[in-house]
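Chain by chain, the residues:
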Amino acid sequence: MENSVVLVTGGSGLVGKAIKYVVENGSGCKNEKWVFASSKDGDLTDRASTEAMFLKYKPTHVIHLAAKVGGLFGNLSANLEFLRKNLEINDNVLFMAHKTGVQHVVSCLSTCIFPDKTSYPINETMVHNGPPHDSNYGYSYAKRMIDILNRGYNREHGRNYTSIIPTNVFGPDDNFNVQEGHVLPGLIHKIYKAKEEGKPFTVWGTGKPRRQFIYSRDLARLIIWVLREYKETEPIILSVGEEDEVSIKEAAEQVAIAMEFKNGFIFDTEKSDGQYKKTADNAKLRKYLPDFKFTPFPIALKETCDWFVENYETARK
Amino acid sequence: MMASHKRILVTGGTGLVGQGIRAVVEQDPRADEEFVFLSSKDADLTDRASTKAVFEKHQPTHVIHLAAKVGGLYGNMKANLQFFRINTAINDNVLSIAQETGVRKVVSCLSTCIFPDKTTYPIDESMIHNGPPHDSNYGYSYAKRMIDVMNKGFNQQHGTEFTAVVPTNVFGPHDNFNLEEGHVMPGLIHKVYKCKENKTPFIVWGTGSARRQFIYSKDLGRLFLWVLREYKETEPIILSVSEEDEISIKEAAEFVAKGFDFDGEFQYDRTRSDGQFKKTASNAKLRKYLPDFQFTPMEQAIRETCEWFTANYSTARI
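Protein chains in written order, with my numbering: chain A, 1 to 317; chain B, 1001 to 1318.
These are calculated hints, taken from the structure and not from any lab test.
Only a predicted model underlies this, so the values are computations on that prediction, with no experimental measurement involved.
Do not take every clue at face value.
No farther apart than 25 Å at their CA atoms in a straight line, the calculated lysine-lysine pairs in the DSS-like style are these [what the hints assert, rightly or not]:
id, chain 1, residue 1, chain 2, residue 2
1, A, K85, B, K1278
2, B, K1069, A, K99
3, B, K1118, A, K117
4, A, K317, A, K193
5, B, K1152, A, K68
6, B, K1118, B, K1278
7, B, K1152, A, K117
8, A, K56, A, K33
9, B, K1278, A, K99
10, A, K85, B, K1069
11, B, K1152, A, K85
12, A, K262, A, K17
13, B, K1078, A, K231
14, A, K33, A, K99
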């Protein structure tokens, strides 16, 4: 990309920090300037503030990660807020991008916005095929509307606005809060504490459910590829394949190895397992990038755990 | 609270449905109800400050929200982005400002065209979000669907009573009779009027066998008022005649001809598409609540509309 300015909204979060890391470690290009914006730089729910940010940085490209996010309990009590704030943020960012002539925007969806009642594996054509899970319908519908807006801008104005759908992201700079965070950072934080307290670690459920995890730094490299090369309006799922799903038990064991935790595991089988599998199909990604190598799970987890231990004081928890 | 005065703000109050409600209210006013019919002259509902000002001016206790950016097939196809963004802005402004200014109940207006394109029939209220809408008007459809999502959110979070209705094909005085943009009934009415004037044969496109549920705007007005006063669910309610009262396009054309006392020639251009044969919407929920509601007989409703059109031709939207 010649003389580009890439604005990353939500630039200080899990994914934003990973993009910053890979840009500074080999993925950046000459003549590319990267701006990582956070909520300090502007309130994206406010049109004027969003416009000011675009006029200040004059981006040629946008990676749009900013959103109001929360864990299960955050969403349950505030679906309205999650819907309205995210609709506003997304409308402001895409509108301002279009108004200031930005040709490429990559926004971030999530596998949690897919229909609740569905067959597996899920793929990119299925996003709108039924209502999302009721616990986070506000967030889900707002994210789905990004895809609707992309379609409108591209068909009517010739833009190249698109979106990506990661599966479970993990890595440094995550939210390790046990109440609000997701499963891997939750495991990491809990095992850290169990190690400190000299206790065995209790895994909720049988440990059998299987999940696709994607390391934030692999996701970052893929997002940059999407920004530079991917031309479709339809989203693209970014994930390891089904064969690289990991069970919760395997994940816990890998975290234990990474943290040198030796106090043993207990499985509390009274607790719910949640869904056994929620496989997302990465066939489209594999069609475009058959040779892309994901960081091996044990290595990615070790880097993440090492980061957490070193940065415990300042980590979000 | 039950006996206290209601001030009901009707956004989009000068359109087909707004005028239908107005006709009912003027015929049968209630002492505890005051209506304010708004049009785009009174406020720009895409603008938050303008919307807030009109709510502060009128201090409504209830809202019937009909205002929308609408258009026919061709209007939508070219401008789905605008239809999505403008309607989303209008709906967010009206619902959020209603809630902020203490309005307890808002009844919004959806449409059967927002339902999933691939679906089984009859369609019912539980099916709205079960798949993507038809691609030609996805922008309008998703914006309307988000009203239902917001109703749920506002009611869960703020204890409001926001809901919506889903009419089938509305017709009546004050419709848009433009042949390019308008819907099938006003289109038939305008065409027969012209055929009578010009003494040309009336040509119906298709075989005339496709069947539709039509609802007269005055009947819709009466039902809208019932929803405002009595209906307590968040889930929308389909407002329509039953499946057995569907009429074919041929029957509709014949009623229109009678409505104008048109005795000229009738032809069917069978080379033209019929569109979908049936798109039946279930009115079981309405019938559960109002088993005895009488719809105006179709022949009479169409005749009244034709007479209105003749009397108001010079000012009608054509």
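Quick check: which numbered hints come out false for this structure? Violated hints (numbers, rising): 1, 9, 12; every other hint is consistent with the structure.
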